[in-house]
Each structure stands twice: as C-alpha cells, then as structure tokens.
Amino acid sequence: MSAAVAASGVVVFDLAASRLRDLNAALAGLTRETNFAAWRVENPRGEHAIAVGVTAPVSITVDGPVGYYCAGMNDGADVTILGNAGPGVAENMMSGRVHVMGDASQAAGATAHGGLLVIEGNASARCGISMKGVDIVVKGSVGHMSAFMAQSGNLVVLGDAGEALGDSLYEARLFVRGKVASLGADCEEKEMTEEAAGILAGLLRRADARAEVSAFRFYGSARKLYSFHVDNAGDY
Amino acid sequence: MNESAGPHIPRTRPRFSATFDREVISEIQRAAATGIYDIRGGGSKRKLPHFDDLLFLGASVSRYPLEGYREKCGTDVVLGTRFASKPIRLKIPVTIAGMSFGSLSGQAKEALGRGASIAGTSTTTGDGGMTEEERGHSDTLVYQYLPSRYGMNLRDLRRADAIEVVIGQGAKPGGGGMLLGQKITPRVAAMRNLPEGIDQRSACRHPDWTGPDDLEIKILELRELTGWEKPIYVKVGASRPYYDTALAVKAGADVVVLDGMQGGTAATQEVFIEHVGLPILAAIRPAVQALQDLGFHRKIQLIVSGGIRSGADVAKALALGADAVSIGTAALIALGDNSPEFEAEYEKLGTVAGAYDDWHEGRDPAGITTQDAALAARLDPVKGGRRLANYLAVLTLEAQAIARACGKSHLHNLEPEDLVALTIEAAAMAQVPLAGTSWIPGKTVGL
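Here the protein sequences come in this chain order: A and B. According to numbering that gives the first Met the number 0, the residues represented by the first sequence are 0 to 235, in order. According to numbering that gives the first Met the number 0, the residues represented by the second sequence are 0 to 446, in order.
Here chain B stands alone, though its shape is the one from the complex (with noise of 0.2 Å):
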C-alpha cells in the first residue's frame, strides 16, 4: 500500500444521460460537422408498439381447433372487386411492397419478381418506372403513380395488372423521394429524365391533383385510360387513417394500402423516419372502422405494410381486419440485405451486418440497394427470388397455423376476438382487451 496516497476514495462510475447518450450525442457531432441532416433507409428503428404487444388466445372449451396438417384453411385472397373488371387474384394475401429501380439493382427488382410469382403473389414498382425485369419476371405486377412520375407512359400503365396511386408512405408521410447521384446512373437518368450524378428529390405532391375531389377525378382519368379493367389502389402513409380510409374510398378506390412508420424508404431524413407518422398497429382499427362505418369492409380491400415480419404479424394484422398485407424491407433481408456474408465489408462501411441502413450510398455489399454493377451483380437473382419464395410460404404456413388453433378455415376468419394485448397502450391502439381483463381503453370502462 502506498501511504503516501492516502485513504481510498470511491469514484462515481461514468454516467451516461438517458436523455443524450451515445447514439444523441454522436449525431449532434456529425450535425456539427457537417451541417446537414442525416440521411438513412429503412424504416424507424425505435421500440414501438406492436404486433408483438398482442397474443392470440387459441381455441378452448368455446373454440374449436382445426386439425392442423390436415383441414384446409385458406390464404387466398382477391383485390380490386369494388369496380375493376379484371381484379387481382393471389395465392396469398402477403404482398411485395413498392420500391424502384433506382433505390434497387436491376438483379433485386428480378428476383423480387421471381419470388413472389413462385409464391403466387404481386410486387410493386416504386418512384422511378417500370423495368423489363419486374415486368418480364412479375406474374401480377402493380404499377405506382407517384407525385413525380418518373418514367410514368401509357404503354406501362396499360401492361400492368393493378395502379397503385401513391399519396405517401409510412417512412415519411408528407415527404418525398430522394435518390442522391451515387445512384443515378445513366439508365436511371435516362429512365427519370434527369441529368446524371445529381442528387434528386421526388415532388411531395402531385403535379396535377390537390384533394380528395380532384383524387376522385385522376381516378376517373386513370380508369379510362385503362379501360376500366385494373383495380386502383391508394396509397397512404399512416397519420390519420380513418379520413385518410373515408376519402380514398370517396375518391372511388378499389384498396387502399396503409403503410405504418416502420416502413422502410430507400433514403429520408432521419429526423422525418422518427418523428412523422404512426405505427401500423395504431392505425389499422380506425382505417377498418371507417371502411365498416361506410359499409365497404371486405368490399373495397385494405392491405397494411409497416414492420411485417413473420407468419404471426400476418396473422394479426388480418385478425385486425386488414385482407392483406406488404412486405418490404423483410423481403430484402430475404433476398440478402444484411447479412453476415458480408460482416467484413459492412464494418469497412462503418457498421455491422444487421445495423446498416445507408442504403442511399449505393455501396451495399449485398448488391442489392445498388446501381454499381460489379456490387449489384453479386445477387443472383435466380436464387434470391427463390429465398423470397421460400420466406413467403414460411409466413403463410405460420399465419395458417396461428388460424387453424384458433380454428378458422381461412385466413380472413380472423377476427379482434381472437386477440388480446399485453400493454395497455397496445390495447387501446389495436381495440382488444388488455391480456386477464375485458378492459380496452377507451373502449370499455374498468376491468
């Protein structure tokens, strides 16, 4: 002992603030560095309530169970039946969410396709046209009409089997696109009509359209020029889904799409991903009850997207009344996106296989959130699309076995009396009772 050093005294440990801690104080020294706001993909990456926060009860003495390899139990699902003559029909109500070529390789969009016509459903263009590879490679392919219409003709519109008007998205309700010059490449810049390199930005609004009345009327425009064949859908990002729901169906809809806050985008500003919008599971009771208050629930279609992950979201959301729901970014990890293959090249980008999100760099070593050809052609598209089949039928076989235990016979047999909640903030977003009581906040009075 060194008495010299006089007696111990115990030293507080390094605390660090609830309110800054490490991940606020590094961005404030980047803000500070750099002047402008951080950019990302994906979708919010906060804790928020979900489906996670809800249960199924399964059968019991009142419920009877079906066998669960052996009685059917059905996935089916059909879009569009309010006007369009030629509605969609899918093997299964999971659906491939929009996102363009541009913000994806060529080789992703492919085998997108690939994978959700193995599995007997749709995918989705995004903001910057339709490609010969989702088109050749798509069985059921619907087309966006987006504020900037990038890449927007006549020819594509009449050759794709379903228009998706989009209003806006779960990742940035109120925003638009960007996609910064590392990714404009020529094609991209031919496909846009833009010069090369720039970094673009995507409109927020339609050019030609403001309201609900003026919706009702591109809608009209948009059946005439389709010959009243294709369903139309309308998109919106999650912020106030009962108006949203009533106005779209007003404006004569044949699906409305809502998409909640964890919906991934493929380059926003952080501040916009974290702090606009709603989780998808605060929103998709009060987008059902407008449809019943309008008597259209099951009639015109509600598809949700935001944060699906497995077989029991899928469930879920339908038991919540939706008839089919999207899947984006898990159809990318599917394919490939972030996955520890690539650990080395992720921590030279500056972070790991699981986190990485700077998807707008164009330097994604899984080759899929690229337009670098050498990077891009690192995903084959043959069996990514067969990954993506593979994880679809995962989802519909955990979704039908969740159904059959509570012994529905099909998928849209689910109904909010199979679930109850374990937060009570989940209860009074999802309108089930709090798990052990008949309270749903809000809703009932006391336990």
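In isolation and in its complexed conformation, chain A is listed as follows (with noise of 0.2 Å):
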C-alpha cells in the first residue's frame, strides 16, 4: 500500500501506486474514534469505486476526476472530489457529505437513504433517482428523468431541469430555480408553504449556494398514481 502520513497529519493515498482495493480496505477498517481524521487520495484518474462505504467521520479529498459509484454507500464521511464524476455518485448514500467540484454524470445520489450531496457544476441525467431521503443540491442544471421514482428528500436544482422532472414521484420535494423542460407523470407545482421554504433556505446554506428561496419553484407529486385506477391506466 501506498500511503503515507504527511506533516499536516493527512494520509496521502496514491493510486498510481496502489491498488484501489489497498484503499478500499484502508477505509473501510477505520473505527470512528480513529486518528486518521483527514485523507488525500491522488492519481484517481477516473477510476471506479473509490472511497466506498466508509463508516467513519472522516474527511476523504479525492484529487481529480472519478469514475463510477464515487463515494458509493457513504456513511458518514465528508468527501470532496477536486474535478468531475461519474455515474452513481454517492449512490446509497446513508450519511456524510459528498462535494462535487466539477459536473457529475447520470443518477447522481441515486436510491441515497441520507446526507448531503453537492454539485458545483451540472448533473446529467436522472440525478436524484430513486432517492430515498437524501439532500441534494445542484449549482448548475441536470438532466432529463431527474428524481425519478424519487420517495423522499430534496432536491434543489438553481439552474435549469430536462424534461420529465419527478416522474412517477413519490414524497421528495424538488425545487428549481430555473426553467423545467417539462414535468413527468403525478408530478406537479406546489404552493412554496413556510414550510418548504425553510427547507430550502437551510439546504441553500448548507450548500453555501447563493440564492434567493423566492427565486424557486417548488414540485411535488399529485399522489393520482398511489392507487390503481382505470382512469390512470395511461400512465402506469
């Protein structure tokens, strides 16, 4: 294994010169008491799985751009990634934080159960799929299918949303500040309450994105297609 502790007490892992697995296996047996509080992984050059399901509050900078599933299964670690991500990232997240500096690729924080995922940049499509309870707040736009199926949690969008936002949406909130290409099947415009305007205001800061809640719209679903029905059939 190829890591090293530097003076500022971080641990430098290199994937050039180690194996995934090494890391992998590395995080996965830290305790959450442990010293190593602060890891650095460099030469990730787009490589699959990295930082998965880690349990400890640790901080992981991944120094580059990453395949699929970054972060996949997060529980409890605060993970930056310093370029673009792949497919999956911080799928099934539990808890912890994922910061994405660049743009991230298809079904960002899919089927995640917690935490907060953050986008700089642009997410394609179908991000929030699935999305079980996660906070997820893009900078930028995403793509067509986004939060589709999406059960519970939020999603803030501050640029623009591709077509059928929130299909088949369950009881995740969506909020976009610009334009939404079009709104997919049981989804539709709510009423911002005081309610779902704190939300927003707290994720915002969180996400220490600036923006104002009066800027956003706010999405729902329209809870047609929780029972079947005859009159529904086109679309189920």
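Calculated from the structure, these hints are not laboratory results. There may be inaccurate statements among the hints.
Label pairs and their in silico Cβ distance ranges [to be verified]:
#, chain 1, residue 1, chain 2, residue 2, range
1, B, D379, A, K223, 39 to 45 Å
2, A, G45, B, A354, 53 to 59 Å
3, A, R204, B, G196, 31 to 37 Å
4, B, D37, A, P56, 48 to 54 Å
Output of the computed footprint for chain A on chain B, the stretches with three or more beta carbons under 8 Å from beta carbons of chain A [said to hold, decoys possible]:
#, segment
5, 195-205
6, 210-220
All of these numbers come straight from a predicted model, not from anything done at the bench. Built from N, CA and C at the ideal position, the CB exists for glycine as well.
Both chains are given apart, each in its own frame, so use the hints to dock them into the complex.
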C-alpha cells in the first residue's frame, strides 16, 4: 500500500502506485474514533468505486476526476472530489457529505437514504433517481428524468431541469430556480409553503449556494398514481 | 307420450369453445367490469414442457448402479468459487429463492430461515430489504440487490453471506415488482421508505447502471464495498439464457441464477406471467452451453429455478448441467400455503385450496403471503421451518435415489447422457434423445 502521513497529518494515498482495493480496505477498517481523520487520494484518474462504503466520520479529498460510484454507500464521511464525477456518485449514501467540485454524470445520488450531496457544476440525467431521503443541491442544471420515482428527501436545482422531472414521484420535494423542460407523470407544481421555504433556505445555506428562496419553484407528487385506477391506465 | 309435442328432435349439446373456454370468458367479463388487468401471485399455470417430459435411463449392462442404502452419494455444493474469498458451502444443492418481507409475513421469512438452516442450505431476501427474522434464523443468507433498492444499506450488505444482483425473474422478465396497498403496513412502508397503504410499483431497471459494461462496474463496487469476500450472484429471468449467461460471466459474476417462467411472483399481471419468458426446461442447456463455451462450467456455478417440485426435478436440473436449484412456490406450500386445512376460508375468497393465488391481496388464510397480524400469527415459524426442512430432506433423498440408480457417487455427476425425453419438444429443449431413439432435434439427423 502506498500511503503516507504528511506533516499536516493528512494520510496521502497514491492510486498510481497502489491498488483501489487497498484504499477501500484501509478506509473500511477505520473506526469512528480513528486519529487518521483526513485523507487525500492522489491520481484517481477516473477510477471507479473510489472511497466506497466509508463508515468513519473522516474527510477524504479526491484530487481529480473519478469514474463510477465514487463515495457509493457513504455512511458518515465527508468526501470532496476535485474534478468531475462519473455515474452514480454517492449512490445509496446513508449519511455524510459528498461534494463534487465539477460536473456529475448520470444517476448522481441514486437511491441515497441520507446525507448531503452538493454538485458545483451540472448533473446529467436521472439525478436523484429513486432517492430515499438524501438532500441534493445542484448549482448548475440537471438532465432528463431527474428525481424519477424519488421517494423522499430534497432535490435543489439552481439551474434548469430537463424533461420529465419527478416522473412517478412519491414524497420527495423538488426545488428548481430555472426552467423545467417538462414535468413527469404525477409531478405537479406546489405552493411554496413556509415549511418548504424553510427547508430550501436551510439547504442553500448548507451548500453555500447564493440564491434567493423566492426565485425557486416547488414541485411534488400529485399522488394520483398512488392507487391503481382505470382512469390512470395511460400513466402506468 | 304427448302427441301434440310432435316427433322428438335430438338437440346438439351445449359446446364450449376451445378458444373461448370458460376461463377466457370469465376473464373477458372481469376485464369489461373493471377496466384493469388481472393481478395475481405465483408462476405460469399453463401446461408447459417441463421436467416431467424427461426420464432417467438408470443403470444397465453398461452402467453400474450404487447400492441405495450403503454407498455414498454426495450432495454438497460450493457456490462462488470464482472471485469470492468466502464462497458459500451448502450441504444440499437446493436453495430457497428470494421472496420479500412485505410479500411474505415476518413469520414466514423466519420459517424459511429455520427450515433452510436445518437442511444446511441458504435462503434469500427479496424486494423489501433484510429483516432481523430472516438474518437471525438463516445460517446462510443471500441479500438481493434489486432495482428498487428498498431497504438497501451498507450494514446489511456486509452482514450478508452472498449478494444477488437481480436483473429479472422468471415470472416477469422485464417487469418490476408490485406490492398493493393492503400489504403496505407501517413496518413495510418504513423499510421501503414509502407512504403507507399505497399501491407500490418497483422499478424494472436498475437506477444507476445500464447494460453489461455498467454491470461489470457495479459488481466491482459491490466487491469493494464488501472486501471481495462475498459471492456475487447475477439473477436473470429465462429469456435469452445463452447471451444473458455469457454477459453475466463477462461482468464478473461468481454465480448465475436462471429463473424459468414457472417461478413465482408475489404479484404481477396475469398476462405477463403467462406470456413472457421461457419455461426452465428450454433455458438450462443454452446457459450451460454459454458456460462451456467460455470455459467456466462448474467454475461459475449455475442455479436454476422455476417449477422445481421433487427430487426428480432436482436430479434432472443437475443432470442438464446446473450446480444447484432454487425453490420458492414449493417452499411456501411446504410451510402450509394452499393447505386443505383452510378450505372453508379459501371458498370465502372465491377459490379453493390448491388454486389460491391472490397473494397480493394479503388475505392468505395460511398466514404466509400476508401482513395481517392475526393471519400471520397462524403460522408457527418453528413448525413451518420443520415442515420445510422435512421437504428439503425428501428432495435430497429422492435425488440421491435417482443418482445412485444411475451409478453416480455425487449428484453433480449426473449428466445429460443419463436422460431421454418423452416428447419431441422436450428432446429439442433439453437436447437429449427422444426416448427409444438417438434423435436430438436440432442436433442429430434422423432416427
């Protein structure tokens, strides 16, 4: 394993010299009380499954672009990606924070149960698909079918949203500042209640996003597809 | 004789159409009344080419049998020998298929775990996450990784003994799951992160990968998440078994699970169950061929399912090249599903014991396919587990009896050469000779 502890106390792991398996094994072996609280992964070079399944509350900085599923199933770590992220970044995250400094590919935050995913750039299609409680803030735009079958949690988009936003939505809340190309089945615009505005304001603050709450529109489930009914046959 | 009635003229007896038979007519009438498709549980009910259409030849002058009660006939199987550092070792090659908590009661899941553990085999979670009942009572538990990812979490992933990536199932290749509102109780809703009482539709595609190249990366992630310890299964519904098996191999699977259209579901459209997919008999040989072509037969294990009922079915599946089988419907029947004990209650539901398949409605008198606390309490998990263990023992003993008669010291030594087919269709599908001939349709010419 090519890891070294820098003078700053940061553990530096070079993926050009060591195996991904060794990195993930080292991170998986950390306890909540570990003294190795800060990690830096060098030369990620688009490799897949970097820093997956971390359960210790450590900070991990990945110094470059990553492939699929970076920080997948993260459960407590604070992961920062200094570059773009491939598909499924922070998929099924349970808790913690994942921060993408560039753009993210498809299915960012897919099925995630908790934690905060912040994307400084744009996210591609299916951002927040089947999300189950995560908070996602995208400072750019999101692609088509974002929040498809989203169950709970919050998706905040400072830019635009592609077609079929929130298709077959359950109870997730969607906030979009820009244009929405179209809404998916059973997704409708809702009145921005005080509660919703408070949630949005809190997320903007946590993501360090400079935007006015009043500039956003709020979308949620029309709940018309919650029971099978002949009149909705065309939407099933 | 009444003379005013005139001469007697014979009348044609009422004749039912073979095309529009009574079941078809009743379905058209139901559809016209409701406007929505019929939903039910279970697998295909139509007559299909199946293991019944095959026979073992047994020993003869040129084949030497084993003594039935003395000579050993091994039944163990190791699953996941390709990449996993901790492959699964089972005493018998009959496993319990994935069935969800939600579709089944907690007691039923516990009973499955108890029965499988007594028998020395594995059980499997389903589309609803892992419950303490099944983890606590299953010595070996396979954790399904499904498109919905309901209840999917890192802790359960790491405490599973194997992971099964579900791409499809035999009852509905290409379809997602359903769980209707009657069964979305507070506990089920909380596990799935859904509102209570809604008609839930599971996704049919995985949310974060598409196609075999992505699957390879997904399997890599699952291995990284679990330290390369656990066998990774890939489950497909039987539709294109040669290519699906080959692609699963390419993607890095340790085990391929192939489910035929007789395999059950908790709830799906009747039209889907009966008209999509292949019977398992037609799927095994192409899957085995793919493994052989790639040099992985017996190195990557093949588990087949869909209509396994007896030790003869187990032996036939293994002779065709499978390493193990899975049972679902048969396991539920062993627990008590469709028992004549509840005949009066089945009749109140408009059916009879043996035909009950409205598992999605949650009113199962046997307390198995339900979330109703009073009904679920009817199933004693200890007694149910014992019945399942008994049944698994019988499957194993029957398969051993056949294997010994064929001169095999292990169930895995059974081979296609031990089989013949009773019908041309079965001969073609199983790629064994039509009985009394050397003809394998599509393989050999003439009789």
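Comparing the hints with the structure gives:
1. D379/B - K223/A: 39 to 45 Å: 42 Å, holds
2. G45/A - A354/B: 53 to 59 Å: 56 Å, holds
3. R204/A - G196/B: 31 to 37 Å: Cβ of R204/A to Cβ of G196/B: about 35 Å, so the range 31 to 37 Å holds.
4. D37/B - P56/A: 48 to 54 Å: Cβ of D37/B to Cβ of P56/A: about 51 Å, so the range 48 to 54 Å holds.
5. 195-205: holds (count 4)
6. 210-220: holds (count 5)
When each numbered hint is compared with the structure, no violation occurs for any of them.
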